[in-house]
Amino acid sequence: MGILEVRDVNKRFGGLKALDKVELDVEEGSVHAIIGPNGAGKSTFLNCLVGLLIPDSGAVTFNGKSLLGIKPHEINQAGVSRVFQTPEIFADLSLLDNVIIPTFAARDGAFSFNAWKRVDNDNEVHEKAEHMLEEIGLIEKKDIIAGSLSRGDKRRLELAMCLVQNPKLLLLDEPTAGMSRADTNNTIDLLKSIGGRGITKVIIEHDMHVVFSLADKVSVMAQGTVIAEGTPESIKGDPRVQEAYLGGAHL
Amino acid sequence: MIKITPRNDMILLGGFILAVLTMPIWLTPIGAGYPDLLQRFAIYGIFAIGFNILFGLTGYLSFGHAAFLGVGSYTAVWSFKLLGMSVIPAVLFAVITSGLFAVLIGYISLRRSGIYFSILTLAFAQMSYNMAYSVLTPITNGETGLQLSQQDPRVIDSLFGVPVTEGIPATNLFGIEMSGYPGFYFCAIMLIISFYISMRIFRSPFGIMLKAVKSNSNRMSYTGLNMRPYTLTAFIISGMFAGLAGSLLAVTDPLAGAERMQWTASGEVVLMTILGGVGTLIGPVIGAGVIKYFENIFSAFNDSALHDIFSFLPDFLENAVVAVTGLFVGDGWHLTLGALFVIIVVFLPGGIIEGITRIYQRVTRKKQINSVTSTEAQPGE
Numbered sequence: 001m002g003i004l005e006v007r008d009v010n011k012r013f014g015g016l017k018a019l020d021k022v023e024l025d026v027e028e029g030s031v032h033a034i035i036g037p038n039g040a041g042k043s044t045f046l047n048c049l050v051g052l053l054i055p056d057s058g059a060v061t062f063n064g065k066s067l068l069g070i071k072p073h074e075i076n077q078a079g080v081s082r083v084f085q086t087p088e089i090f091a092d093l094s095l096l097d098n099v100i101i102p103t104f105a106a107r108d109g110a111f112s113f114n115a116w117k118r119v120d121n122d123n124e125v126h127e128k129a130e131h132m133l134e135e136i137g138l139i140e141k142k143d144i145i146a147g148s149l150s151r152g153d154k155r156r157l158e159l160a161m162c163l164v165q166n167p168k169l170l171l172l173d174e175p176t177a178g179m180s181r182a183d184t185n186n187t188i189d190l191l192k193s194i195g196g197r198g199i200t201k202v203i204i205e206h207d208m209h210v211v212f213s214l215a216d217k218v219s220v221m222a223q224g225t226v227i228a229e230g231t232p233e234s235i236k237g238d239p240r241v242q243e244a245y246l247g248g249a250h251l
Numbered sequence: 001m002i003k004i005t006p007r008n009d010m011i012l013l014g015g016f017i018l019a020v021l022t023m024p025i026w027l028t029p030i031g032a033g034y035p036d037l038l039q040r041f042a043i044y045g046i047f048a049i050g051f052n053i054l055f056g057l058t059g060y061l062s063f064g065h066a067a068f069l070g071v072g073s074y075t076a077v078w079s080f081k082l083l084g085m086s087v088i089p090a091v092l093f094a095v096i097t098s099g100l101f102a103v104l105i106g107y108i109s110l111r112r113s114g115i116y117f118s119i120l121t122l123a124f125a126q127m128s129y130n131m132a133y134s135v136l137t138p139i140t141n142g143e144t145g146l147q148l149s150q151q152d153p154r155v156i157d158s159l160f161g162v163p164v165t166e167g168i169p170a171t172n173l174f175g176i177e178m179s180g181y182p183g184f185y186f187c188a189i190m191l192i193i194s195f196y197i198s199m200r201i202f203r204s205p206f207g208i209m210l211k212a213v214k215s216n217s218n219r220m221s222y223t224g225l226n227m228r229p230y231t232l233t234a235f236i237i238s239g240m241f242a243g244l245a246g247s248l249l250a251v252t253d254p255l256a257g258a259e260r261m262q263w264t265a266s267g268e269v270v271l272m273t274i275l276g277g278v279g280t281l282i283g284p285v286i287g288a289g290v291i292k293y294f295e296n297i298f299s300a301f302n303d304s305a306l307h308d309i310f311s312f313l314p315d316f317l318e319n320a321v322v323a324v325t326g327l328f329v330g331d332g333w334h335l336t337l338g339a340l341f342v343i344i345v346v347f348l349p350g351g352i353i354e355g356i357t358r359i360y361q362r363v364t365r366k367k368q369i370n371s372v373t374s375t376e377a378q379p380g381e
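Protein chains in written order, with the numbering used here: chain A, 1 to 251; chain B, 1 to 381.
Just chain B, with the same shape it has in the complex (with noise of 0.2 angstroms):
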């Protein structure tokens, strides 16, 4: 078991900062290496922390984040729209108002645990999501999402004399534009500073009560510590870093639909945080892109790719070997998703992480074969 002190933090983070922002060199060589999927890697992993903070320290299962990732992207869309194309003042607005968000679901639903809590926060997402299709329609544009327009107000925009373009203006950071590498780089800062802050939490006295509430509650009650506080303080963060990731979906493509607060898309941060390996620091990160990669690889194949590769075989094997993977690409990636979780999750409980920290360990046995290894080893942290 690696110790957990100051120093191997600052390595731990050194080394994450490093492989993010050379994220776009060393993803080439599989082909993940261009900026729209390089984003989502960067997006998701952001979702994927906050919502470990909730599920892997508390362990209380939210099944509704999508609620706020959608809140988030309305927001942004509307700061683009009323404010100006600037991506700070939609980042903080949705921050904020998911904060708010969080708040009000988290203060009904965290009243009861275990599934009934799992139950409301689904509840609440599934309202949020239907109430954007039909009743909020004026704020939400219902069916055909919220897009910008030429005759958007973007009263910052005009108060500082920001020329009026042909077509409608891309978000930009002082002047840079959102699209492309500068895109992902920011999104990347950002995925820097969520884990840092999720680091910070994790290592401090909060985190350590957030942590007691998953382990033992009656306990924590009777050692003199109020757990609704802490397990809505842990919700809000979460959903403003929901917020957070749902506003850089809009930086990098602004536009915001109700699918995005579909319960499939609370399902999959779900998997992700799982995947990747609950209550660890990384384990959400890497889960958010091996899930983004694969969808992009598998979704990305249709019968005529599979014949290429299948070319080799003797025709009615062919035939059949393509109509059998065909299953499992394109449309039907999720049956693969599905696949791949059923074989984590009776395997590699703890995730990816689980699977690193026992491959280290086999190593780390074989070099000090003679001596007596001592506790079983955690999870990674």
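Chain A extracted, bound-state conformation (with noise of 0.2 angstroms):
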């Protein structure tokens, strides 16, 4: 029994099949890498967590509970915080209100009309998001414009708007894509360093360096199906995998 079981899911656009009886089971506390070539339908999959797609048949139970059919919003007060491929922040609002905004999701639900207290006036919620900034390193740039960040502080950012939340299930699209190696090796400590928490996470990566570094578990997509599933170590020996992953090449 896992915190998140997928089972049967099925998604086709038009007359492409790009989810095909995709099961999938996640330990608490676990992270699961979930790799394959570009196409394989992890994206997709992805989506359909979070609710930006429906499958069209199949259950997605986190917590023993159905994450189908319900908003996106609705997912995340469940406790699933998405990192998504394009950082996805308030790039018009200072990085402090980047992270006030989440802790307040969190606290006071999806609506809450607080419309007369001040945002400055609200200790709590200003000590948690302030400590999350300086826990991933950006504490300094709390007044500055999240959009004028770089590309790797933009995802440092965007993990510290859903690690504030505290969420059970922490999704990750590729978090390294198109970061240098120096960055990446960051990432890397910086997602070990958050294991603690009991977080359980999921993780879609290209980076092979990154997968072995985090994954206590490996699922291997192709062609809208999972092929394969294992550790990392014995993953990489599979020979189905490197036959789909590499067409034949050694890993």
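Just so you know, the hints here were simulated from the structure itself, not pulled from any lab data.
This one's a predicted model, so the numbers in the text were calculated from it and none came from an experiment.
Hints may be right or wrong, so weigh each one.
Among chain A residues calculated to face chain B with C-beta under 10 angstroms, some are [unchecked claim]: (1) VAL50; (2) GLY51; (3) SER57; (4) THR61; (5) ALA78; (6) ILE89; (7) PHE90; (8) ASP92; (9) ASP97; (10) PHE104; (11) ASN121; (12) ASP122; (13) ASP143; (14) CYS162; (15) PHE212.
Pair by pair, the computed Cβ-Cβ distance ranges are [said to hold, decoys possible]: (16) A/GLY109 x B/ASN218: 32 to 38 angstroms; (17) A/GLU130 x B/GLY175: 52 to 58 angstroms; (18) B/LYS3 x A/ARG240: 40 to 46 angstroms; (19) A/HIS126 x B/PHE174: 40 to 46 angstroms; (20) A/ALA182 x B/ASN218: 28 to 34 angstroms; (21) A/GLU130 x B/THR22: 52 to 58 angstroms; (22) A/ASN38 x B/THR5: 46 to 52 angstroms; (23) A/HIS126 x B/ALA339: 45 to 51 angstroms; (24) A/SER57 x B/TYR196: 27 to 33 angstroms; (25) B/THR5 x A/GLY64: 42 to 48 angstroms; (26) A/HIS126 x B/ILE96: 44 to 50 angstroms.
Glycine included, each C-beta is placed from N, C-alpha and C at the ideal position.
Given two chains presented individually in distinct reference frames, assemble the corresponding complex, making use of the accompanying hints.
See below:
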């Protein structure tokens, strides 16, 4: 029994079968990587988890509750946060505001008409947000407009926005795509350091270095379905994976 | 950049109160210190403040806000007719009715965003406008407009034995007639209250969520926030402000006509907000003032006035200059407004407030010429 259970999920785009009977179990507290060649359906699958896409059939259960047919904000309120491939941040607000918004969302719920109190008088939220920025190493930039950050910093900010909500499940869509080796290593360290919080993570990743440094378990997707699953070591040697993923070349 | 702190906000509020209440003094030298115009400054200031809560914070551009202005006016006049000449029930009912209207229009329009939202609001406003002229004539009195008459029931007034006068009675607040300066001060106090409410909203968690809607609605839903009730609440608040402004138009001049709901009136508040500075606290009020002031100045000019001004020129030159400038004044003042708007949008997209901020920065930068300036300033908040 995992915290996230995916059973027989199918998704079709016109004639293309994007997801074909996908099955997945994610253990609570683990880091589960999903790898696969381009077009394997990894991002489509992630979109089905957060309510961006609705599968044609199948079941997605998180913490015993179905995630299908409920809205993105309800999925987040249930404890699922997502980091996007291109960082989705509040680009024309300050870094502090960027982190304050999810802090409020986690505390006050999907809607609260709190129009008379001042944000800057809410010490609880401020402390939490500033603490988060400090942890992620962006505290000196808290008054800067988020849109002016470098790409790497935007990713870190987005991660902070997710982490400050204390999610039960964190979905990361290629968290190191387009990053330099140094930035990638920083991100790996960062993700490792938040491992102690007991947040379950599902990572889509191309970079094998990242996968092998972080993942407890790896699922390999190809042509819309999961073709292999196991520990990073067992996956490395699996001939089916090498066939699908690298066209027969050795990892 | 001036930091947003409770203390600075209090200074801003204090300055605003002082500036509004002394308007009759400091606007006299430029020929705007008379009650009629001052009332309009305050009323359209309220209209723009309310509009800015929706457009400035959430980025949803409503092109039908004049509908709420009209609803506010009609409600207020009906309150004068049925209940009595006191302005308190008139203002209260106008705000409530326009709020209910906003629930209805907002609920439907907010199912779409961007240009589709704007078109929907425009359609609703034009529907209201046309209905006021046609099927709703029993309520709106059609083309003539809704007016007071001697035969109106005015139940509260007759209950309290307010003596029946010869002519049509005047609107009043506890017996003070709401025309001239008392009328202006009543509007001014409403403007100050509106500004204060708007400031509270801007600085509140609710306000920051509205900014989040504008900034990235995708991230907002993946952050666990339900966008719909936020935008709807902003829409309703904004509609209530417009209703308040509409009722004040009726308070200072108790009649209501359908032209108040026309799309040009909706467009005007968009211009005011952009001209002053979208999303800034004080910008919309300044924008409203500037537009109403120029409207007053430019539309008052006529050819003979222009001939007087340019009489120092030789005759043939005088006629030519008058012919050209004549296009921009009087009825043609909208041409001036259009030109002004183009200049602002091209050179100062942040409006007048951005202009002031730039000047302020240039001055402070000169003072500390050696210190490295850090961040780009946000258009003045």
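A quick look at each hint next to the structure:
Annotation: A/VAL50 was flagged as interfacial toward chain B, and the flag holds, the nearest CB pair being 6 angstroms apart, inside 10 angstroms. Because the closest C-beta pair between A/GLY51 and chain B is about 8 angstroms apart, less than 10 angstroms, the hint holds. Restraint check, A/SER57 versus chain B: the minimum CB separation of about 24 angstroms is more than 10 angstroms; hint violated. Among the interface hints, the one on A/THR61 is violated; its C-beta lies about 19 angstroms from the nearest C-beta in chain B, farther than the 10 angstroms criterion.
At a threshold of 10 angstroms, the smallest CB-CB gap from A/ALA78 to chain B is about 9 angstroms, leaving the interface hint in force. With a least beta-carbon distance of about 6 angstroms to chain B, the hint placing A/ILE89 at the interface is held under the 10 angstroms criterion. Hint status for A/PHE90 relative to chain B: holds, with the closest Cβ pair at about 4 angstroms, below 10 angstroms. Of the supplied interface hints, the one on A/ASP92 holds, with its beta-carbon coming within about 5 angstroms of a beta-carbon of chain B, less than 10 angstroms.
Because the smallest distance between the Cβ of A/ASP97 and any Cβ of chain B comes to about 6 angstroms, under 10 angstroms, the interface hint for this residue holds. The restraint placing A/PHE104 at the interface with chain B holds, with a minimum CB-CB distance near 5 angstroms, inside the 10 angstroms limit. Contact between A/ASN121 and chain B, as hinted, is supported at the beta carbon level, the nearest pair being about 7 angstroms apart and thus within 10 angstroms. Below 10 angstroms, beta-carbon pairs count as interface contacts, and A/ASP122 has one with chain B at about 7 angstroms; its hint therefore holds.
Of the supplied interface hints, the one on A/ASP143 holds, with its beta-carbon coming within about 7 angstroms of a beta-carbon of chain B, less than 10 angstroms. Annotation: A/CYS162 was flagged as interfacial toward chain B, and the flag holds, the nearest CB pair being 9 angstroms apart, inside 10 angstroms. Given hint, A/PHE212 at the interface with chain B, is violated; its Cβ is 28 angstroms from that chain's nearest Cβ, farther than 10 angstroms. Between A/GLY109 and B/ASN218 the beta carbon distance is about 19 angstroms. The supplied range of 32 to 38 angstroms is therefore violated.
Restraint check, A/GLU130 to B/GLY175: a C-beta distance of roughly 55 angstroms satisfies the suggested window 52 to 58 angstroms. For B/LYS3 and A/ARG240, the hinted distance range of 40 to 46 angstroms is not satisfied, since their beta carbons lie about 60 angstroms from each other. About 45 angstroms separates the C-beta atoms of A/HIS126 and B/PHE174, a value consistent with the hinted range of 40 to 46 angstroms. Remark: the range hint 28 to 34 angstroms for A/ALA182 to B/ASN218 is upheld by a beta-carbon distance near 29 angstroms.
In this structure the supplied range 52 to 58 angstroms is violated for A/GLU130 paired with B/THR22, their Cβ-Cβ distance being about 41 angstroms. Look at A/ASN38 against B/THR5: about 50 angstroms separates their beta carbons, and that is inside 46 to 52 angstroms. Separated by about 46 angstroms at the C-beta atoms, A/HIS126 and B/ALA339 satisfy the suggested range of 45 to 51 angstroms. Take A/SER57 and B/TYR196: their Cβ atoms lie about 55 angstroms apart, and the range 27 to 33 angstroms is violated.
For B/THR5 and A/GLY64, the Cβ-Cβ distance of about 46 angstroms falls inside the hinted range of 42 to 48 angstroms, so the restraint holds. Separation of A/HIS126 from B/ILE96 is about 36 angstroms and departs from the stated range, judged on CB atoms against 44 to 50 angstroms.
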